[in-house]
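According to our numbering, the sequence shown holds residues 822 to 898 in order.
By construction, these hints were calculated from the structure, which means they are not laboratory data.
Note that this is a predicted model, so its numbers are computed, not measured.
C-beta: ideal position from N, C-alpha, C; glycine also.
Where hints are given, some of them may not hold.
As the list claims (entries may be wrong) - Here are the in silico distance ranges between beta carbons for each label pair:
1) K844 with L872: 17 to 23 Å
2) D860 with F895: 40 to 46 Å
3) L854 with D876: 18 to 24 Å
4) P862 with Q837: 35 to 41 Å
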Amino acid sequence: MATQPISQEMMRYFLQLNDAEQKSVLEMIKTFLGGRKNDHPPTLEEYNKELEQADAEIEAGDYVSHEEVMKRYFKAQ
Numbered sequence: 822m823a824t825q826p827i828s829q830e831m832m833r834y835f836l837q838l839n840d841a842e843q844k845s846v847l848e849m850i851k852t853f854l855g856g857r858k859n860d861h862p863p864t865l866e867e868y869n870k871e872l873e874q875a876d877a878e879i880e881a882g883d884y885v886s887h888e889e890v891m892k893r894y895f896k897a898q
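When you get a sec, could you build the whole thing from the sequences and use the hints?
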């Protein structure tokens with residue numbers, strides 16, 4: 822049996838996830854990539870853009886409250 826490239830295998834699994842799970846995995850990947858050492862720190866413009874994007878997500882209701890996280894945590898146990 823020929824081995825599949827990792828990207829194909831990842832895509833196969835990713836497509837089996839529901840929307841919320843896909844979003845969670847995407848955020849995890851972004852976090853991994855964001856944690857890499859950059860050759861330079863973000864510029865003030867880049868930093869402000871990140872803040873604007875985060876504010877827009879919050880205003881759109883695209884977040885999970887601490888209370889909801891705790892409910893999910895205790896429900897999963």
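Can you name, in rising order, the numbers of the hints this structure does not satisfy? none
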